[in-house]
Structures are given as structure tokens and as C-alpha cells.
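Quick note, the sequences are listed as chains E and V, same order.
Position 257 of the first sequence, counted from 1, bears residue number 257 in this note's numbering, the numbering being contiguous throughout.
Position 641 of the second sequence, counted from 1, bears residue number 641 in this note's numbering, the numbering being contiguous throughout.
No wet-lab data here; the hints were simulated from the structure.
Just so you know, even glycine gets a beta-carbon here, dropped at the ideal spot from N, CA and C.
Each hint should be verified, as a subset may be incorrect.
In silico DSBU-like pairs for lysine-lysine, Cα to Cα no more than 30 Å straight-line [what the hints assert, rightly or not]:
no. : chain 1 : residue 1 : chain 2 : residue 2
1   : V       : Lys477    : E       : Lys54
2   : E       : Lys130    : V       : Lys780
3   : E       : Lys74     : V       : Lys773
4   : E       : Lys39     : V       : Lys452
5   : V       : Lys701    : V       : Lys462
6   : V       : Lys564    : E       : Lys54
7   : V       : Lys574    : V       : Lys780
According to the in silico footprint, chain E covers these stretches of chain V (three or more CB under 8 Å from chain E) [stated by the list, open to error]:
no. : region
8   : 419-430
9   : 440-451
10  : 774-785
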Amino acid sequence: MKKPKAYTKGDGKAAIFFLLPSLAGISLFFIFPFADTIKRSLFDAAGINFLGVKNYSDVLGNSSFQLAAYNTAKFIAVCIPLLLVISLVMALLTQVIEPSGRRLKTTFLLPMAIPVASIVILWQLLFHDKGIINAALMAAGLEAVSFMESNAAFWVLVGTYIWKNAGYDMVLWAAGLDGISVSLYEAASVDGAGAIRKFFYITLPSLLPTLGMVAVISMLNSFKVFRDAYLVAGSYPHDSIYLLQHLFNNWFLNMDISRLCAAAVFLAAALLVVILLIQRFLRNDD
Amino acid sequence: MGKLRKIATAVLACLLMLTGCAVKGENTDTGADVQDMSQREGRYVETDVTPEGEHLVALEQQEDGTLLAFTEGLKAVYTSNDSGKTWSKKELVGGDDERLANVRSVSVMTDGNYLVHAAGVDVNANDELLKISPEGEILPFSVPKLEELKKENTIYLAQVTALPENRFYMEYMTGGQMMTSTEDEEGGGFIEGSGEATEAPEGESADGGGMNFTTATSNEDGSAIYDGETGEQLQKIVDSMGAMDIAVSGDSMYVADYNDGIIIRNAADGKETSKVTSKQAQEQSKMVMGFSLSSISVLNGEIYVLGTDGLFKKDKSTGGSTKMMGTEMYQLGSTSNYVNSFIMLENDTFLALVESDGDSQLLRYEFDSSIKISEENTLRVWALENNSTIRAMISQFCAANPDKGIELEIALSSEGAQTADDAIRNLNTRILAGDGPDVMFLDGCPLNSYAKQGLLLPLSEKVSTDGLYDSLIEQVKIDGELYYVPTKYRVPLLLSSEEYQSKMQTLSQLVDEVLAGNDQPELDFSSGDPFANLPADERPVFTFDDFDELFGLLWNTSASEIIKDNKIDEEKLKELAEALKQISDKYQLLKETNGMAAAVAMMISAGGEGEVLAGSTMAYTNNRATVGALVSGSPTVLRSSGNESTKYGVLPGLSEGAWVPINIAGISAKSEKQELAYEFVNSMLSDESQSAPAMGFAVNKNAAKVQWQEAQEMELSTIDGKETFSYDFQLNFDELVSKLKTPVFEDKNIENVIKSNLEKYSKGETELEEMIKSVQDETKIYLAERI
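The following block holds chain V by itself, in its conformation from the complex (with noise of 0.2 Å):
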């Protein structure tokens, strides 16, 4: 027995300190495996050196070191020899052609031609694999390979890459058949497909209560490396695409793939030297709507990896990463970008095409050690969900004061599990114990309650509000003095002709409309096309995607009035049940089997903040809605929704004339660097900081022309080519402001038990005033702890 007892000691111990070393072993491995040098003495200064009025498309280097930019429909090239400090433009002769369009990548050949590959001008058409002379005119060039796949399918290129000795590697796909599946009413969302439609077979129409989507199989896929002359395959690598990015440099392809790391490839024959891995690779690779939003160059066989989150630098023996740069003070760092490519140059200097909402900027960053950020000048801001908006307000405050530094906290991230509750209160307890951020964006934050509790600085003396709509400034003002301000803001809007404009001036009469309107169409889906135009007479007022849409564009209109003090008013809670019930039966929003009136839900930019256009919004645009909603804060997606005859009105509701503060930015009365937060709060507020692109509407009156100016001169592309508005955007911004009365600020805590309440009582589960009563049940406890 004490044998055993012996043993089973000795085993309980080595256990232990396996256990020991494991763990430990872990926190090395991953200690190891990126290393900060982001914040080293001095800093990146970023440059924005976009041509003017230019959309780049493509960022490449020639073997002598010039750099070359090519602008959209490859019309011009831009040439810089002073590492991308200055460029001189070039006009190239093909620009016209049609095939250039939709440029993806273009690569310099060693015979001087340049390989571009042109994505096909829609879902169903041929990518192209182009060869064009330096002056643009595109070569007769032919890949046997590609020209036999084609006869049966569709091509897509994923990466086309000029080597050394005038060959090229290229990844490529086909379409093959269409698989044809219905989704549940829960479906819905935006599905990037490619491949050739087929008719949706019969009998799976919207039926079944859902909606039939199609995606692509490919027959076959591959990569290899061709003669650059002939076109002819040299050596196939692999029969499956993964490159997420290709670099080369001397005789070495470097592909980096979307899971491991990057394989080191023999340019002359494809086969692998070597590969660099690491967990951290792994992390490193995000895809957005299928873009990576990382890039790798090589410079003097180092290899750099860039992205949303920073400048790293891959060690090849380990596979562990150097973070050379973060991103929060740059534009880089705005999460609806993603990079399209990049050049690392010599001195710490590099080049990065980054694009984002169809926008490109080219921007170059080169590091000066003699910048000095103390921590005196260095800012702490918090937010809790990262936002381009506030990003893009930061990089422009870091880029005019670059002995200033930010450091940006996101509470909550995509990786993480924190709840936005556990979120805040880790910032409470930061905030109580002195150690807490100096800025702050409050939104979703229990914002009154920290003015209310004195966690807030006065902003009315130091923060500047000459420029701004004075109205909607004074309306979050408490007790006649300002604790915060939203850098930007939302409207709920009516788009719809003048006549409805005016015919939709209060809930009930924007209700009556809708009773006197026509049903709600079904959705054809055994059609080609089932959201198909509809004639003007067949048109419904409205279409929404689901009950939820409705409730979330009459919540924000309403809310205000239902909440006062506290306290729920049951008689404006009546009154909005019964037109949510009134306009939720007239279209069938709950029946059971169409749940999907619309069907079509999109998120313009990939920032999470970005504008969704629902189905309200969709089907107006679409002509299958005779008015459309929107809770919108862009106005080039207003125009963009809208058609000559639309003008935007505020949608009707039970409050006066409600508006979403967002982006609302705070002082901590604990900070110990006011002066700089008030500086930074300024800056936002600034002509220039407020006109930048970013989601919201600006607050600053100039930047709300220009953000205006910018909506009148958009160009609309379509899968036809392009399109320019030929008449003036109706959206007058001093006119809608004043129509503001109301800020709505968000409460998902009561907004979702009204919510179930709402569709219960509109379901036809519960009466009138059962419903009343159960949703006083259930916040009074809410409401009360905030009196």
C-alpha cells in the first residue's frame, strides 16, 4: 500500500510538471511568435499621394525600381522614381477598350509589356488574361490552356503574376453548373457567386417559404507557370488555388496562402525552396467578401506582410512575425479597407493600394526616427466596436499633428467573447480605479448616466462648435451643457416622390397610405428575375424584407415618445402596436410562408457600420415599391438609392423629426491630458476631419457640402459601363436638419422587449392591452432603477 502510495505520488508530480512545462512552453512559443516593434522611437509618416481625381487600380514595380500606378480602365499610368513621393502621369491608348473595365491586377513582364488581368464584366463572362505594351495597346496573346476551358465554361483568374524570363503564374477557375438551394425565411444576406445561372427547377419557387439561391461548383481549378510568348503551360503546381497574395523577387515566387503562411517557390519551375509558418499566419489572413485584406512584398529577401492590422515582418527560419507598424493612426487602419497591394521600399519607406467602398487611395508611409511621441502627447480612446468612421478621425488628427500619438482600444472585438455589458463594465471599473481612457465614443454606452454622474467634461468652453448645426448640438446639450457630441449622425429617411412626401407627413397618415396602397406582390421565383421591376399601378407603397425591418425604421421614429422619464406611455405604445400590426397584415410580414417580402439586404462597406439597404430601401431603388425607408447617414448611398424624381423627407413617426446621434465622442473628467482631448474633439469636428469619406452624416455644415457635392458628382457604375446622374441630388441638408428635432439614442434593452411584444400582439397571440401590460412587466424593473 505505501508502495502504491509511492508511485501514485511520484506520477501526480511529474504530471505536474509536465503540466508546468507545457504551459509554459506554450507562452514562449507564442511570445515568440510576434514581437512588437511598433513602438520604437519615431513613427510612420503617412502620405496620401493619390493622383488627383484618379481611381488606381493597380501598384507595380519595374526591375529598375520605378513604380507604376495604373488608373482605372487602364487609361493612364503614373510613374514615380523617388519612391512615391512624386508621380508623372502617362496616357496609355487602350483605355478605351471595354475588356479593361474591370481591371484586378496588372504585372510587368520582362519584356517590358505589362500582363493585366481584367475580371469579366459580369457574374457569367470570361476573366481575361491581357497583354498591353507600354503605350497601352493591347497585344495579341492567347493561353491555349484557357481558350480550351473556355469553350465549355466560365474562366476566373484568381492571381496573375509576372516571373523572371518573361513567364507568368496564374491561378485559375471555372465555373461550372449552378447548385440551385432554397434557404429558410431566416436566409437572406448578400452571396458572392460566380458561374452560370440556371433556371431555378420547378417546384422550388418561394413555396416552400424561402428563397432559392444559387451558387457556383468549379469544374476544375489549378495553378502553374506559362511561357509569357507563347502562353503555353511550363510546369503545373498544385490543382488547387490558396494564394492569397504572390510576391517576387529574384528568382523566387513568394505565395502567400490563405491558411499557413508562405511557400518559397523556384520561379523557373514552381517548386518549393522552403516555407514560412507560423500560428501567426494564420490569424494574419482575414477575408472580406473575398478580398484578403493582406499583402506581402519582398525587399532584399525579407519578407513584409501588410494589412488592416499593421506592418509585419516575417522571420523565414521561425515563422514568427515582427509587428513593424500598427494601424490605429492611419487611414490603413479603417476597417472598411482592405489592401490591394503593396511595396516595401528601402529607408522603412512603403508603398500600400488600398481600396474600400469602391474608393482607392494610394498611400505611402515612410518612418522618421527623429518624431518623438511622449506619453504626455499620446491619447488613450476607447470605443466599443470598431467603426472606419473613428478610425478615419484619428489618422487624419495623427496625420496634422505627428508628434501626437493615439492609442485606439476596441472593446469589442470579431475574435473575442466579451458581451458589450462586460465590455462596459470593465470600462466602469477602469474609469473608478483613475485608469480609464481620456476619449471616449459612448455609443452604446450609458452615456446620460456618466454626464448625469459627473464622468464627463464640460465640452461648452473648449470645444469649438462655430461650424456646426447649432440645432442639433443644442438638443444634446443636458441641463444646458454639452458632455458629449456625436461626430456624426443618422436620419431615418422617407425617399419617395414629392406627391408622397407630403401625403406622409404623421405615422397614421403614412398608415392610411399604406392600407389604401396594393397588397404585397409574391415574389415570382420560378422567373429569371423575381424581383423584377413591377409597373407603377402594381406597386405596393412599401416592401419590407421582414416584420423586423418595419419595427427597427418605426422604433427609431417612436421610441422617444414612448419612453419619457422612465416611464413607458401606454397610449403612444397603442398607438404604434396598431400601425406596426396595421401595415405588418396589410403586406403578410408574419405570415408563416412569405417571411421574405423582399429578400434582397445589403451592406454597403465592410466596417459594420455601414449602411444596410433592406428591403424597403431595395425595392424602391428596383421600382417594386412606390416609397422607400432607410435609417441612413450616406448621402452617395441616398443618391445612389434614389432616382430624379426622389426627394428625402423625414420618415414619419410618433416623435418629431428623429435623428441617431453616432460616433459620439466624450471626455473622461479623470484625464490628465484634457488639453489634448479637447484638441482631439476639435479636430473631429474640423472641415477637414468631418468631410473625409466615413459613414455618417457630417455635423459641421461646410463638410456636409462637401459630402453633398460629393453625392451630386457621383458616378454610378453598372454592369453595362457607366453611368452619370444627370440631375441634381434633392437632398438639402440645412432643410433636413432643421426638420431634427429629436436624438434618438439607442437601448437595445427596451427596443427588444417591445419588440417581441410588438410581434406577438401583431402575430395575434396576445390582445391590445395584455400586450401593454406584459411589456410594463417586463421593463419596469429597467425603468425604474434609472429614476
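Only chain E is shown next, with the shape it has when bound in the complex (with noise of 0.2 Å):
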């Protein structure tokens, strides 16, 4: 007997009807002016003269690109883990003190729903030289910081983007949570499998589809926090918080378009590896 076919070759055709609006939004807000910048990059900022990779070999042998670029990795190094670690133990902490966890869930997003103007005015209340840390600090005998003129920014800007995203991420944790089996964990249990036995054997292994979605959600999202930082220190800040945002902002007021394509060229290819090494890492493990 013949096996029906689970699609049609009307189905393909309707499916392509449906996917245009999406594909001709992408096409027009990504696709042409990635491929615009990817084309300004190899010409001067008129369009005319062709550099090749001029430009790309300038910005590489550019320090204040550097540095922006080490201090761009080094914040995704250390925010990501810590966020995902953070976020994954209130999803799990919100499911063990149910019913009333779930509800705490919305609190946990509040920081989101924030604006970043008032956040910034938060962050100067805090952590300005004669702020309410440093008042705090003196109070109890110990030096002032200048949390925003010394590494110590890097810290600060740290904390800002795990406390804003760490509910968000800990809500697609406890969607990644609410899909195990339930019969699983019962299984181990009759199994005489202990806590910390089903959070490794069940519950991690389980969850992995879901982390590769947190990482390069987190991982996009940390390049909104340049907004945070622009807002409170201005062009260029303290070395440490010099993100790549902060140069290609600056670039652009300079109008030094071309550079700032090919960096931008750049900044994509990473990310693009990033997110194909994450896949990979996640499919072998499958």
C-alpha cells in the first residue's frame, strides 16, 4: 500500500505564500542593507573609489577597534554563563515553590518593562562618585569607588544587564522546564534517584534544546546595553565599558562610513560563527 504524502505539492506553494510578507520584510530591513554595508565596506564613503580590503585591514590594525572588540567578547564572556547560571536557578527555585513561584515570575520581569532613561538615573543614583553606594561605603568606614571613572564600570555594567535580562531568560528556562515529562522524574524517583541526580541525568540533558535559544537570545541582548551606557557616560566612557557600539557610533558621527562597514562586517561574521558553533556543540550532543 502506498504511503500518503504528508505534504502536497499545493501545500509547498501555499506555505511559499505565506512565508513572502516575512521573507520580503527580511529581504527589505536585513538582507539589502547587510548587503549594502557588506558593499560599502570595499568603496569610500561616496560609493565611488573601490578600496578592496583597505578597510577591513585599517580597522584591524585600529586599537580603539581593538579594544572595543576585547571588552565586546570579554562582556558576552562573562555575562552569558553568568546569566544563564542565574536565570536557570530562579527557573528552577520559581518551580519548586509552587504555586505561588509562578507568580513570582511576573516580578522577575519587571526590570524589562523598565525605560532605560529611569534605569540610568537609577544607575547615577547609585553608582555616581557621591552616589548612594559610595555614601554607604564612607558611612561604614570604607573608600569611596569611582564605580564609573575605573574597571569597577565593567562591574557595574555587568550587573546592570543581568539584573534587566535575568528574569527573561529565566522565563524561557521554565517553558524549557514545563516540557519535561513529569513521568520521568517519577521514574527516577521510584528509581531512588535524589535531587540532584534527576537535575543532572533528567532535567540538564532535557534542557539543552532550550539553552542554545537562552544563549543566543542573551547573547543578542547584550548588545542593547550599550544604550545603558551611551545614556550614562556619554561617547566614551571609561575604557573598560568601550563597546564596539560606542565605536561605531562615533564612527558614524565622523562619517567614517567605510570603516564602520567593514567592522560591522565583522561584528556579523562573529556572531555568525558564535551561533553555528552553539548549533554544532548542540546537535553533536544530540
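From these two lone chains plus the hints, build me the complex, please.
Here's what the structure looks like:
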């Protein structure tokens, strides 16, 4: 007996029809602009003279690019693991303390709803040289810290990022946790497995697909922290929080478009590589 | 619960609808407030009808339509019966009377005599109200109310206007006691005060680290209608003054106030008959130094308002305005102008008496509907900030090319919250999107980056530099090509005797002279004049307002040596730091209690680009210092700042012959009107355009001669009358230009970092090496981005 096809030819056409608006949007707002960016990176700003890879070599040799790329990579490398662990712990805790834990989830999302401008005011109140934290430190007989004019600025930015995104990631983890069959835990319990064994042998392996998604989303969200840094410290913050977006912003102001485009292509390529590596890692694990 | 949900939903829906209505209503209202007719077919043709060599002080129209323009001191009156096209002169006999030295307004009375408001010769003198015959004879006339008030107060008149039936309207204010206050060292600036000065109370001198300021309080003020024959008050109107300008038409007087619009009153009894108000009225009433920028006129019952932002026709019923003319293309639009008076005439013609920096112009505008300015002939010009020089050059171009138009876009307005970075980012976006302006004034922009990135058209082939100072033009070329051209420039100058000019050739020589000279004397605020002359042997070499002034001067003359190839030259920075510290220490510029060494800083011109006469110049001019220094582009200011022994040399610094290009014009490589843009740039460099009165030295040799000549021939008005310079103006442009070797382009980012660090070092808060490291740390990313 012939097995019936899952999809007919007509279904394929219908799928393309329904995907067209989305494809058009992606083409219009991503693919074409990115192609234009690549083109501009190979020409001068007026788009008249072909420069080849000169802009790329200029960018690689530029010390401000090196610093910004290092800081951005360092920020991602520090923040993402921290955020993933913290948000996972939060998700587990909210699951454990059911049913009130579920209600708490909403509370953890609140930092995302606070406008950046308000966060900046809070940031300044807390971390200014004469802010609340320094007042408290001095009251305790300790030395004040120049948070924004020292390497401490990096950790302030890390803290802000985690505080703001932990709730969101927690919700993503919670969705992943909800997808794990309860029967697995029940069977493990019958076999005498404790909470730790259950976590390492059931929860973590089951969450791997979620991990990939949460990691990629967190990484992309990490670029949004520039808004906070820019609003607090302007175009030229302390060296430790000078990110790629600072450089892009300043190069745009200085109309250094060709190098800006070359740096943007580098960034896109680096992100693509990281995302592909994550996918490969997860696929191998499957 | 379900019911509650329904109610909540209904309330939410109502709120949303109301919000929508409110937003719509607001838009509708704003839209109706100003209609723009300035873009209609045709254009106003501007003609300067100022009688040659005359300084006009008042413009009036007689009942029979004859136009009258009065000269300074009422020495003559010019009349016109052809709507201001031609004027004939008539001498007046009372012109030598010193009471007429400072005429504020002239109004024609019903009996044919002139009612003249003459301001007092100084701040403590009474304003005068005089009646003058058509021949200029001062007639006996007094106003009992003013005579009574004069006995104990100083009188100031704000408005005087003749009314029908030989009456007149007058607003007065009496100067009361002077209020003395002490400002912190941040204070300063220019205060227009009025009233009688009293000595500062003992103990309120400079000890507090500040300066005593005096302001007047008024004892009594008011406005009323008076009899033109007896001067008796007929009808009191309100107890406070509030008129910005007044126009009279038929039996009505139209009083434009500073806040709310226009009140129409019956000219006989002063009673309010109607009121024209709008939100726009507030926006139009702008003031500069106490003078309004707007003036009103009434023709055939229609109210017109003229300001530097345009000609508006007011709708009496709604208060809305119709913009009849924008001022981007006319001399009227210059930021340093204000409208003294204007008269609307038949056939869409009007006359405006415009004042600027002590000069006056009588401008005639006639609408010509046959002139068509096509889109192809309209150039889009962009500038970061408003600027009277740019406006003057645009009006010159438009006057010479009536079929060509210019749309001027000023990125930073006084009302806007946009920063310079925002404006430049916006410009960059537009350029990249292909929607940029055709011509850009690049002051404050990354002009070298624009040029190197190919965003500016090369100018060498199509812009004629014949007749310009070649050496200056050569210095702004990039790799042998001219991508932008400074249309004017300023120079950090040293004002001193020949002896000091030769003694101060380098920065170290300048420091040596300062150190060898006298210390900065304390200002004696307990005396009547804390800025009184000092005997020659008691004067210090310089006097600076504060550290900022000193830094500003030396930074301009040293910046290009400190930042080379986007790197900080540490040795040069050390040299500047040590020089600044030595001078600062010598004059105690950073001492907490003595922040106001000179305490006099004036901005000449209201255009925002004026010459700042800060402590060093003012002190030199007032004989409180041996040498003066300023960054100047105005021969007339230099002339009036010096004396017969003054030589003008380049202020020494680390750079050789520093000069500051200003109003730097470039053409966008993406402009679709390149030929027109070249034409405009050529026009700005022409003899005629360069010679027009504006801030900045001309880059055109012939125009520089004209500028010099104007300064040479200038008369300096003083409170005691007039003083004519009897010696030659000793600024030689050719010689000066030959010494200029280094163009300095402003970079506030670096300047601010270096200034704050040098200030800390000069205060002794950091060591030299520490300061250098701090500067390097704070600037390394910024500079690296540009490598």
C-alpha cells in the first residue's frame, strides 16, 4: 500500500505564499541593508572609489577597534554564562516553590519594563562618585569607589545586564522545564534518584535545546546594554566599557562610514560563527 | 465581575477616544495658527534704499501717505512719495541740540509737528519728550506728569506714539533706587540697568569673591493718553508698561505686547475694543538686549507683524498668522538685526528700518509675482548654527540673482533640544540617504573626514580663488585639492605697543614678560568705578577674566602643535601646561576668592558669533593692562579696542601664526545642483559679498581693504558725544596674513579634556606627569578612532 504524502505540491506553494511577507520584510530590512553594508565596506564613503579590503585591514589595525572588540567579547564571555546560570537557578526555584513561584515570575520581568532612561537615573544615583553606594561605603568607614571612572564600570554594566535580563531568561528556562515530562522524574524517584541526580540526568539534558535558544537570545540582548552605557557615560566612557557600539556610533558621527561598515561585517561574521558553533555543539550532543 | 470588566473596558475605550480627540484638536489648532504663504509664486525683491552715508533712527508715515525717514540727531529728514523708491533730503535746524543725540522714535502729530522721544545721554539721565516743528525747531512743550516725576526720579520712556486729534500715547517708567547684589565668580556678563547708581555698601566689596551688580527698581510706571498741546494726561490706560510696538490706524491704536498678542484700543479714550491673541503671538515676541525683534503695522484694517523670522499677517478673529515672507534670503533675516520700525504699503510692498551693531538700514521690499523660482534653481544650504555672516552672504546672492532661491536650514535653534552631535548625525544620515543639502557650512563638523571620504566636491576648478589670500587658501587644501573654503577667518591677536610686540614673539617670551611685570591688582569694589584706569607703572602685562579666557587664547595658538597626526605631543603639552600655570599663578586666576580679575566681558553683536571682549581686551582698552589679547575677526572692534600706539600682531603660542577659519563652505558630492552650488560659493567669495558688514576678516584682498577703510573711517560714539579717531588704524592685513601659517579647526572634545586637566594641574591638584598621563588616557580612544 502506498504511503500517503505528508505534504502535497499545493501545500508547498501555500507555504511560500504565507512566508512571502516575512521574506520580504527580512529582505527589505536585513538582507538588502547588509548587502549594502558589505558593498560600502569595499568602497569609500561616497561609494565611488573601490578600496578592496583596505577598510578591513584598517579596522583590524585600529587600536580603538581592538579595544572595543576585546571589551565586547569580554562582556559577552562574562555575562552570558553568569546570566544563564542565575536565570536557570531562578527558574528552578520558582518551580520548586509552586504555586507562588509562578506568580513571582511576573515580578522578575519588571526590570525589562523599566525604561532605559529611568534605569540610567537609578544607575547614577547608585554609582555616582557621591551616590548612594559610595555614601554607604563611606558611612561604613570604607573608601569610596569611582565606579564610572575605573574598571569597576565593567562590573556595574555586567550587573545591570544581568539584573535586567535574568527575569526574561528565567521565563524561557521555565518554558523548557515545563516541557520535561513529569513521568521521567517519577520513574527516577522510583529508582531512588535524588534531586541532584535528577537535575544532572534528567533536567539538564532535557534543557539543552532551550540552552541554545536562551544563549543566542542573551547574546543578542547583550548588545542592547550599549544604550545604558551611552546614556550614563556618553560617547567616550571609561576604557573598560567602551564597546563596539560606541565605536560604531562615533565613526558614524565622524562619517567614517567605510570603516564602520567593515567593522559591522566583522561583527556579523563573528556572531554568525558563534551561533553556528552553539548549534553544532547542541547537534553533536543530540 | 463581568459587569465590572465591561465598565472598565468602556472607560478605557472612552479614554482612548478622548486622547485621540485631544491630539487631533491640538494639531488642528497649531495648524490653523500659522499658515505659510511665503512659498507662493513670486518673491519679494529687497532693495536697500538707505540714503548714502546716513544713519537713520526713525521711520514714519504722514496722514497723506508721505514717508519720512529721520537721520541721527534729527539733522535731516528724508521724504518719499513713491512708496519709498526715491527719497529727498530736507535739512532740519535743530540738529545740533545735544538733547537730540540719542533719538529713539519720531511720531508725526496731527498739527504736523514731530513728537520725539530722545533717550538720556547716560543711564542716569532723563529721557526727553520733545516737540519739534517740521523745520526742526525745538518747540516749548512739557508734560506736567513727567515734570512732576522728574523732581525725584529719573524718567525712562518706553513708547511714544502720536494719535489722532493731536493726542499722544506714552508709556513711562521712573528709575528708583539701585539694588546692589553680589554675584559669585561665575557671574559676569552684561547687564542693562537703569536708574541712579548708589555706592556699594561697605563690606560688600570683592572680599566675598564676587562682584557687585546694580539693577534698578521702578518707583512708578504707567501708560496713558495725553493732550498734544498741553501735555495734560487725558486717560490713564494701565498701571504697567507692556507694549512691544504700537501702530495707529484710523481711530484705533494697535498695541502689540510681549506675551499675548495685540490689543486694539480706541485712540480717543484708550478703551480696549478687541484683542488678537494666539499661541504664535508669544513665539513671535522675542527680545534682544531689551529691544524687540518685531514691529507691527496696519494697512486697510489688516495687521502685519515683521520680525527677523518673517512677515506675518494676523487674522483678527482667530489670532492666527499667515506667513507672507520668510527671511532666509534677505538681509532682514540676519541674526544680529532687529526691526526698529516698519510700514506696510499698498501693492504688497513694505519698508523696514533695521538696526544691527549700531548701523541702520532702510530696506524696501516689493512683491514681484512674475519672478518664478523653480526647484532646480533653489539651493539647499545647511549650517549648524545661526549666523549673521552666512545670512548676509545668502541675501547678497539672492539679491543679485532674483530667479534663484536658497533654503537655509539651521540645525541648532535656540528653542530646540538637539545637541551638535545629534545634528551632525542627522546630517550624516541624510547625506548617506542622498537627501543632503547642496552646500554646507562645515564649522563644528568633521570636515576633514568629509573631504577624505569623498563627500565634498573638489572646488579648485570651478571656484575662483583669484583675488583671495592665496596663502590662506593653500593652507586649507588637502593633498593639493580644495574641498572646503573658509569664507571668513579670525585671528588670535596681541594688542600692544611696538615695544611689546617685539618682546613677545614666542610663548616663552610672553610668559617671561608676564612674570617680570606687575601682579594683578585687586579690584576695588568700594570705589565708584572698580575698573578705573591704572597709572602705567602699576599695570600688569595682562589681565584675564579667568582661567578659561587664558586657556582659550593660548589653546588656539598651540592646539595644532599639541595634537599632530592624531597623537598628543607630550613635550608640547608640558610646555603649554607650564606656561599656563605660570601665568595663572602670577595673576591668581584660580584662587577661590579672586575669580574675577577683570570681570568685564562683552559680546559685540547679537548674532551669536560676535566678538567677545573679555578681560584682557577690556583691561587693555581701559588702561588697566599693558597688553591685550583676543581672537578677533572684526576690524572695527579692533580699532575701538586700541589706541594710537596700538599695533596688532599675532598672539604667540606653540603654533606658528595660528588663525581660525570660519563659515567654512563645502559642496556636497551628491548635490544635484552642483553648478548652482559653485555659483553660490563664488558669490560668497566675491568682492561685494566679502565687503558686506559681517563678523570675520575677509579672505578677499579687495574686501579686506574695504574692511580696513571702514575701520579707519569709523567714529566712536561715546556718552560725551562723538570722538573721531585722528590716527591711522595700524592693522596691516597683507602683513598679518603673511604671518598666518596654521589653520586651527575647533575640536571641543579634545579641548575640553585638555582644559580640565590643565586646570587641575594649574591648581596644583595633580603633578605634571600625572596630568600628561590623564590626558593621554582620556584622549587615546578618541584619537585612535581617527587614525
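Going down the list of hints, with the structure as the test:
At most 30 Å may separate the alpha-carbon atoms for a hinted pair to count; lysine 477(V) and lysine 54(E) meet this at roughly 24 Å. Between the alpha carbons of lysine 130(E) and lysine 780(V) the distance comes to roughly 27 Å, so the proposed pair stays at or under 30 Å and holds. With a C-alpha separation of about 25 Å, the suggested pairing of lysine 74(E) with lysine 773(V) holds against the 30 Å cut-off. Between lysine 39(E) and lysine 452(V) the alpha-carbon distance is near 18 Å, which keeps this suggested pair within the 30 Å criterion.
Between the alpha carbons of lysine 701(V) and lysine 462(V) the distance comes to roughly 19 Å, so the proposed pair stays at or under 30 Å and holds. Restraint check for lysine 564(V) and lysine 54(E): satisfied, since their Cα atoms lie roughly 23 Å apart, inside the 30 Å limit. A distance of roughly 17 Å separates the Cα atoms of lysine 574(V) and lysine 780(V); the hinted pair therefore holds under the 30 Å criterion. Look at the region 419-430 of chain V against chain E: 4 of its residues bring a Cβ nearer than 8 Å to a Cβ of that chain, three or more, so the hint holds.
With 3 residues bearing a CB less than 8 Å from a CB of chain E, the region 440-451 of chain V meets the requirement of three and the coverage assertion stands. Only residues whose C-beta sits within less than 8 Å of a C-beta in chain E count toward coverage, and the region 774-785 of chain V has 7 of them, enough to reach three; the restraint holds.
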